[in-house]
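Chains as they are written, first to last, in the numbering used here: chain P, 17 to 210; chain Y, 17 to 210.
One or more hints might be untrue.
Here are some, though not all, of the chain P residues that point toward chain Y, as calculated from beta-carbon distances under 10 Å [to be verified]:
1. Leu23
2. Leu93
3. Thr94
4. Arg106
5. Leu136
6. Gly165
7. Arg167
8. Pro168
9. Leu169
10. Asp189
11. Asp191
12. Glu192
The set of hints was computed from the structure by calculation and includes no laboratory data.
For every residue, glycine included, the Cβ atom is placed at its ideal position computed from N, Cα and C.
Protein chains: 2
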Amino acid sequence: MSEMKVLIEGSGRHCHVTRETLDILFGKGFELDQKKALSQPGQFASSCKVTVVGPKGETKMSILGPCRPHDQVELSLTDARPLGIDAPIRQSGDLKGTPGCKLVGPCGEVEMKEGVIIALRHIHVSDEDGEKWGIKDGDIVMIKCGDDGPRPLVFDNVVARVGPTHATAVHIDYDELNAAALLGKDPMGEVIKK
Amino acid sequence: MSEMKVLIEGSGRHCHVTRETLDILFGKGFELDQKKALSQPGQFASSCKVTVVGPKGETKMSILGPCRPHDQVELSLTDARPLGIDAPIRQSGDLKGTPGCKLVGPCGEVEMKEGVIIALRHIHVSDEDGEKWGIKDGDIVMIKCGDDGPRPLVFDNVVARVGPTHATAVHIDYDELNAAALLGKDPMGEVIKK
Numbered sequence: 017m018s019e020m021k022v023l024i025e026g027s028g029r030h031c032h033v034t035r036e037t038l039d040i041l042f043g044k045g046f047e048l049d050q051k052k053a054l055s056q057p058g059q060f061a062s063s064c065k066v067t068v069v070g071p072k073g074e075t076k077m078s079i080l081g082p083c084r085p086h087d088q089v090e091l092s093l094t095d096a097r098p099l100g101i102d103a104p105i106r107q108s109g110d111l112k113g114t115p116g117c118k119l120v121g122p123c124g125e126v127e128m129k130e131g132v133i134i135a136l137r138h139i140h141v142s143d144e145d146g147e148k149w150g151i152k153d154g155d156i157v158m159i160k161c162g163d164d165g166p167r168p169l170v171f172d173n174v175v176a177r178v179g180p181t182h183a184t185a186v187h188i189d190y191d192e193l194n195a196a197a198l199l200g201k202d203p204m205g206e207v208i209k210k
Numbered sequence: 017m018s019e020m021k022v023l024i025e026g027s028g029r030h031c032h033v034t035r036e037t038l039d040i041l042f043g044k045g046f047e048l049d050q051k052k053a054l055s056q057p058g059q060f061a062s063s064c065k066v067t068v069v070g071p072k073g074e075t076k077m078s079i080l081g082p083c084r085p086h087d088q089v090e091l092s093l094t095d096a097r098p099l100g101i102d103a104p105i106r107q108s109g110d111l112k113g114t115p116g117c118k119l120v121g122p123c124g125e126v127e128m129k130e131g132v133i134i135a136l137r138h139i140h141v142s143d144e145d146g147e148k149w150g151i152k153d154g155d156i157v158m159i160k161c162g163d164d165g166p167r168p169l170v171f172d173n174v175v176a177r178v179g180p181t182h183a184t185a186v187h188i189d190y191d192e193l194n195a196a197a198l199l200g201k202d203p204m205g206e207v208i209k210k
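Bound-form chain P, shown alone (with noise of 0.2 Å):
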């Protein structure tokens, strides 16, 4: 079998909002502007920003777009502190009794009652690679990584997202990036199958 090498990607602080958010946080029928292109295709970062506003902070983050059907924060354990978030590790979607926060756009607020989490890391596998490589939507992996630096680690509990509008990455924050000293471009790590 071939060496299973993968992109590692640092995902920073950023939200994602519904379009009824977006008209009320920028104005009536807003569009998004595509400021970079991601990995995952069709998504993308905005270069439009709100402010999070938590009991003890705020601070400002990049909306990725396209917009969502739910309003969706997503931080750092770092993050969370300061602004007094205790937000669970969980994976993107999975926001039933997660904390909420307010959003302040030029245009108005939206007062979200639930949606700030702390990304779970996970990979997304193109179907080709999950062909290729016999892991299955849900699979659990290990990603061993940073072996290059002063930081070798092995993170366990890395789901896939296996299907075809995935391209191979694996997303973690950047706790987890500077827990792995990835400080190059592009660092790539090893899938490893449990």
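For this one, chain P is given, so just place chain Y on it according to the hints.
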């Protein structure tokens, strides 16, 4: 062999100072108070804080005692970025060629020529545990942790410091603590020999 269970401690940003630096920052003959004893015998956190100034920003941090032969600032990668300090990941005391910074206290300032590091993760091992586990000073081990949470992982390249003045504990920074979601009190890990 008994399972090699070990306490994991997260170190926040802090600094160590020389007797001379303490005189300049806080006044001749000033003594650090012992706010909290640390796990390593004789080491303590004081309530004294200094402002660490980098090219892009500044932050306050506690001084740990007792005084040492060299000034040393220990940060996480997350801490270092807003200060504009490109600190390398190093073992404590291995300061050659590291960047400096300015320390500001109530009575004066000290320009450190070098000494700002991101601490390399390490494990302190008592002589007794070292003998029991077959681990010698300088050995490299792995630490498996976070198994009861959403972010289990295995830290590799954990340097062992074995000796009579050491109490057995793993030291990591907050980026690493967050990456493993070690959020409870007194998290434990398992030593894996290589």
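Structure-based check of all given hints:
For P:Leu23, the interface hint is violated, since its Cβ never comes within 10 Å of a Cβ in chain Y; the closest pair sits about 18 Å apart. Given hint, P:Leu93 at the interface with chain Y, holds; its Cβ is 4 Å from that chain's nearest Cβ, closer than 10 Å. A cut of 10 Å between beta carbons decides the hint on P:Thr94: the least distance to chain Y is about 5 Å, and the hint holds. Because the beta carbon of P:Arg106 sits about 8 Å from the nearest beta carbon in chain Y, less than 10 Å, this interface hint is met.
Interface restraint check for P:Leu136: the shortest CB-CB distance to chain Y comes to about 6 Å, inside 10 Å, so the restraint holds. For P:Gly165, the interface hint holds, the least distance from its beta-carbon to any beta-carbon of chain Y being 8 Å, beneath 10 Å. Because the smallest distance between the Cβ of P:Arg167 and any Cβ of chain Y comes to about 6 Å, under 10 Å, the interface hint for this residue holds. The interface hint given for P:Pro168 holds, since its Cβ lies 4 Å from the closest Cβ of chain Y, which is under the 10 Å cut-off.
A distance limit of 10 Å between C-beta atoms decides the matter here; for P:Leu169 the minimum to chain Y is near 5 Å, and the interface restraint holds. With a least beta-carbon distance of about 8 Å to chain Y, the hint placing P:Asp189 at the interface is held under the 10 Å criterion. Here the hint on P:Asp191 is kept, as its CB sits about 4 Å from the closest CB of chain Y, short of 10 Å. With a least beta-carbon distance of about 4 Å to chain Y, the hint placing P:Glu192 at the interface is held under the 10 Å criterion.
Hint violations for this structure: number 1 only, all remaining hints satisfied.
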